[in-house]
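Colleague: Fit chain B to the supplied structure of chain A, relying on the hints for placement.
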Amino acid sequence: AQSVTQLDSQVPVFEEAPVELRCNYSSSVSVYLFWYVQYPNQGLQLLLKYLSGSTLVKGINGFEAEFNKSQTSFHLRKPSVHISDTAEYFCAVSVPGGSEKLVFGKGTKLTVNP
Amino acid sequence: DVKVTQSSRYLVKRTGEKVFLECVQDMDHENMFWYRQDPGLGLRLIYFSYDVKMKEKGDIPEGYSVSREKKERFSLILESASTNQTSMYLCASSFYGRAPYEQYFGPGTRLTVT
Numbered sequence: 006a007q008s009v010t011q012l013d014s015q016v017p018v019f020e021e022a023p024v025e026l027r028c029n030y031s032s033s034v035s036v037y038l039f040w041y042v043q044y045p046n047q048g049l050q051l052l053l054k055y056l057s058g059s060t061l062v063k064g065i066n067g068f069e070a071e072f073n074k075s076q077t078s079f080h081l082r083k084p085s086v087h088i089s090d091t092a093e094y095f096c097a098v099s100v101p102g103g104s105e106k107l108v109f110g111k112g113t114k115l116t117v118n119p
Numbered sequence: 002d003v004k005v006t007q008s009s010r011y012l013v014k015r016t017g018e019k020v021f022l023e024c025v026q027d028m029d030h031e032n033m034f035w036y037r038q039d040p041g042l043g044l045r046l047i048y049f050s051y052d053v054k055m056k057e058k059g060d061i062p063e064g065y066s067v068s069r070e071k072k073e074r075f076s077l078i079l080e081s082a083s084t085n086q087t088s089m090y091l092c093a094s095s096f097y098g099r100a101p102y103e104q105y106f107g108p109g110t111r112l113t114v115t
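So the protein lines, in turn, are chains A and B. With our numbering as the guide, the letters of the first sequence map in order to residues 6 to 119. With our numbering as the guide, the letters of the second sequence map in order to residues 2 to 115.
Extracted from the complex, chain A is given alone in its bound form (with noise of 0.2 Å):
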């Protein structure tokens, strides 16, 4: 069974600083990789995904994420961050093939202080 692992509930950053949030996944075969954004009183909305080929993903609102196999993880990443960036971010997984349910991470707040 995949699990997947948010290291930090919360994050608080300054404007305009950069961002990492963190994201570790445990599985036995390959993954897909899904980051999602709840904005507040909202639902979920795909940040960006992970299939295959570069390890480098791009997404709206200038995230980006790294897919390291080795160390199972998928950090996102955003060089400067807004205030509008403030919401919960969620880390997802699916299988291949799988029963075509996404595993979530718990989500990880982000407060982006003026």
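Wrong hints could be hidden among the right ones.
Computed list of lysine-lysine pairs in DSS-like fashion (alpha-carbon distance at most 25 Å, straight line) [unchecked claim]:
{"#": "1", "chain 1": "A", "residue 1": "114", "chain 2": "A", "residue 2": "63"}
{"#": "2", "chain 1": "B", "residue 1": "71", "chain 2": "B", "residue 2": "58"}
{"#": "3", "chain 1": "A", "residue 1": "54", "chain 2": "B", "residue 2": "4"}
{"#": "4", "chain 1": "B", "residue 1": "58", "chain 2": "A", "residue 2": "63"}
{"#": "5", "chain 1": "B", "residue 1": "4", "chain 2": "B", "residue 2": "56"}
{"#": "6", "chain 1": "B", "residue 1": "72", "chain 2": "A", "residue 2": "111"}
{"#": "7", "chain 1": "B", "residue 1": "72", "chain 2": "B", "residue 2": "58"}
Read the hints as simulated data drawn from the structure, not as lab findings.
Modeller: Then chain B, alone, in the frame of chain A:
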């Protein structure tokens, strides 16, 4: 654009009431999901449906049931609401058999049971 809608954004119900949460998607998706989201616990899958009249229990089905009479509509039913079912409920949908099984989410229903 994929659209997943949920019947209410906010709902207040009394203990013991029967509660219906409705979800409708317009993308002809076969798979539909109900999650509940609680602080610190992330998203937990309640039920999953991969076809009309088909359903599968998720991780926390106790106290809930579901109905899928039409492909586009998936209902979550709380037979007798209790205060520990106060939560944010999220509906999602995806295509069957189409990797990477990316899910599209509705805006959520924040349910308070008093």
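Colleague: If you draw a straight line from the CA of residue 58 of chain B to the CA of residue 63 of chain A, is it 25 Å or shorter?
Modeller: violated, 34 Å
Colleague: Could you grab the alpha-carbon distance between residue 71 of chain B and residue 58 of chain B and see if it respects the 25 Å cut-off?
Modeller: Cα-Cα ~19 Å, so holds.
Colleague: Holds or violated: residue 72 of chain B and residue 58 of chain B, Cα atoms, limit 25 Å.
Modeller: Given that 25 Å is the threshold and the Cα spacing comes to 18 Å, the pair holds.
Colleague: Is it true that the CA of residue 54 of chain A sits at most 25 Å from the CA of residue 4 of chain B?
Modeller: holds, 20 Å
Colleague: Starting from residue 72 of chain B, check that the Cα of residue 111 of chain A is at most 25 Å away, please.
Modeller: violated, 30 Å
Colleague: Against the 25 Å threshold, does the CA-CA distance of residue 4 of chain B and residue 56 of chain B hold or violate the hint?
Modeller: OK: residue 4 of chain B and residue 56 of chain B at ~22 Å, within 25 Å.
Colleague: Between the alpha carbons of residue 114 of chain A and residue 63 of chain A, is the straight-line distance 25 Å or under?
Modeller: At roughly 21 Å apart (the allowed maximum being 25 Å), residue 63 of chain A and residue 114 of chain A satisfy the hint.
Comparing the model with each earlier hint shows violations of hints 4, 6; every other hint is respected.
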